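**Q** Sequence:
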Amino acid sequence: MKTAETPVPTATPGRASAGRALIVAAVVDAIGDGLFIVVSTLYYARVLNLSAQQVGSAFIVAGVLGLLTGIGVGRLADVRGPSHVYRTILVTQSLTAALLLLVDSFPLFVGSLTLIMCAERANRAVRGGLVARIATPDTRVKLRATIRAGVNLGAALGSLGGAVAVHLDTESAFRWAIAANALSYLVALALLTRLPRFTPLPRPEGIGRWTALRDTRYITVTGLTGVMTMNILVITVGLPLWIALKTEAPLLTIPAVFLINTLLVVALQRALSKGADSLRGAAAKSRNAGLMLLAACLLMPASGYTRPVLATVIILIAVVVHSLGSIGQAASAFGLSFELAPEHAISEYQGVFGLAAGIASAFGAGLVTYLCVEAGPVGWVVLGTLFAVTGAAMPPVVRWAAARPNQPPRPPHTHGGAR
Numbered sequence: 012m013k014t015a016e017t018p019v020p021t022a023t024p025g026r027a028s029a030g031r032a033l034i035v036a037a038v039v040d041a042i043g044d045g046l047f048i049v050v051s052t053l054y055y056a057r058v059l060n061l062s063a064q065q066v067g068s069a070f071i072v073a074g075v076l077g078l079l080t081g082i083g084v085g086r087l088a089d090v091r092g093p094s095h096v097y098r099t100i101l102v103t104q105s106l107t108a109a110l111l112l113l114v115d116s117f118p119l120f121v122g123s124l125t126l127i128m129c130a131e132r133a134n135r136a137v138r139g140g141l142v143a144r145i146a147t148p149d150t151r152v153k154l155r156a157t158i159r160a161g162v163n164l165g166a167a168l169g170s171l172g173g174a175v176a177v178h179l180d181t182e183s184a185f186r187w188a189i190a191a192n193a194l195s196y197l198v199a200l201a202l203l204t205r206l207p208r209f210t211p212l213p214r215p216e217g218i219g220r221w222t223a224l225r226d227t228r229y230i231t232v233t234g235l236t237g238v239m240t241m242n243i244l245v246i247t248v249g250l251p252l253w254i255a256l257k258t259e260a261p262l263l264t265i266p267a268v269f270l271i272n273t274l275l276v277v278a279l280q281r282a283l284s285k286g287a288d289s290l291r292g293a294a295a296k297s298r299n300a301g302l303m304l305l306a307a308c309l310l311m312p313a314s315g316y317t318r319p320v321l322a323t324v325i326i327l328i329a330v331v332v333h334s335l336g337s338i339g340q341a342a343s344a345f346g347l348s349f350e351l352a353p354e355h356a357i358s359e360y361q362g363v364f365g366l367a368a369g370i371a372s373a374f375g376a377g378l379v380t381y382l383c384v385e386a387g388p389v390g391w392v393v394l395g396t397l398f399a400v401t402g403a404a405m406p407p408v409v410r411w412a413a414a415r416p417n418q419p420p421r422p423p424h425t426h427g428g429a430r
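Numbering (our numbering), first residue to last: 12 to 430.
If you're looking for bench data, these hints aren't it; they were derived computationally from the structure.
Be aware that one or more of the hints could be misleading.
Restricting the straight-line Cα-Cα distance to at most 20 Å, the calculated cross-link-like pairs of lysine to any residue (SDA-like) are [to be verified]:
no., residue 1, residue 2
1, K257, L309
2, K257, A376
3, K257, L378
4, K285, T147
5, K257, G377
6, K257, P388
7, K257, T147
Cβ pair distances, simulated, as ranges [said to hold, decoys possible]:
no., residue 1, residue 2, range
8, V102, R225, 50 to 60 Å
9, P407, P118, 41 to 51 Å
10, F117, A190, 34 to 44 Å
11, G67, L270, 19 to 29 Å
12, L252, I71, 16 to 26 Å
Note that this is a predicted model, so its numbers are computed, not measured.
Idealized CB from N, CA, C, for every residue including glycine.
Please take these sequences and the hints and turn them into a complete structure.
**A** In structure tokens, the structure reads:
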């Protein structure tokens, strides 16, 4: 974590250019992702002829196997330098995405999906390390927030292309969409040709390997973040099911929910991330986010007992509140992931922090579905309370994590010999 004695360098034009390139590359990557997300389910069902049970089980296997990939590749980026590793990951993602075009059996589908998940985890870990090396300590959260806003915009644009493929509803349209997603990684790679080469930062004496996996305090913060990260599943899984099964709101409310959430992230993520570049500020944002998420969860059950128009209004108001809480939680995660990590192992630590999203994705969907749909109004209250309690626990836990004993002094921040 930064101290008063740690000098904070100013950004140079070269690093500012690298930051812009990373943002644009992430947007292009996200366009492919948005395209893929829209068509993938239909591709699995109609082209690969897989059942819902097969797809669900494959995602669980791939999600679990991919959990630790980010840590291993993150450590490789710390040892070798993140720029070359990140470019290699983009090539790997292009190849693994293209593999889906060759799948003709369930075992091959599980294998290809696992490779896709592993590459995705590696991408997030190393991109986080790149942000740490490109930006100065007081602009890292800002750069991460800008990337998240850009990623949401890119995914929205990609979904429009996916909608065209869905409208055509042919095997060739789905295959072209999968191929376009594979190509998007290569386009992103081409945009990063001028990315500086960062040499590894020196490891302090007495510090062993795989420190992130042995840092129980950092892992505790990661676990709390994982609980908070389940708020994303409310928008993508729980709320759509609630609208379809438990309310009289029109089904068009579901895409409206996605659109509002995306637009708010694009418009506000950067602005609402201010102050998250310190441990105190990041922890406070998590606490406040928990309260916002609780308020949204308390609003939502009323939509199940009203007429269509009022139900729609209640849902959309709750989505705005929920989205504001989600934006604050994301900003908190950005700050905590950087400020609690030692400089020499920043990508490895980003890989560990990525476990939060991985665990939430692998195991949170079932919990959110049960609480939001099966348990009814009580489930919404329980879920909101879980967010609020976890958010409230973050400030004291972060103070405890920051005071971990035998912590090597954080070296003066340097970009480690970019050349």
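**Q** Compare the structure with the hints numbered earlier in the document and write down the numbers of the violated ones, lowest to highest.
**A** 7, 8, 10
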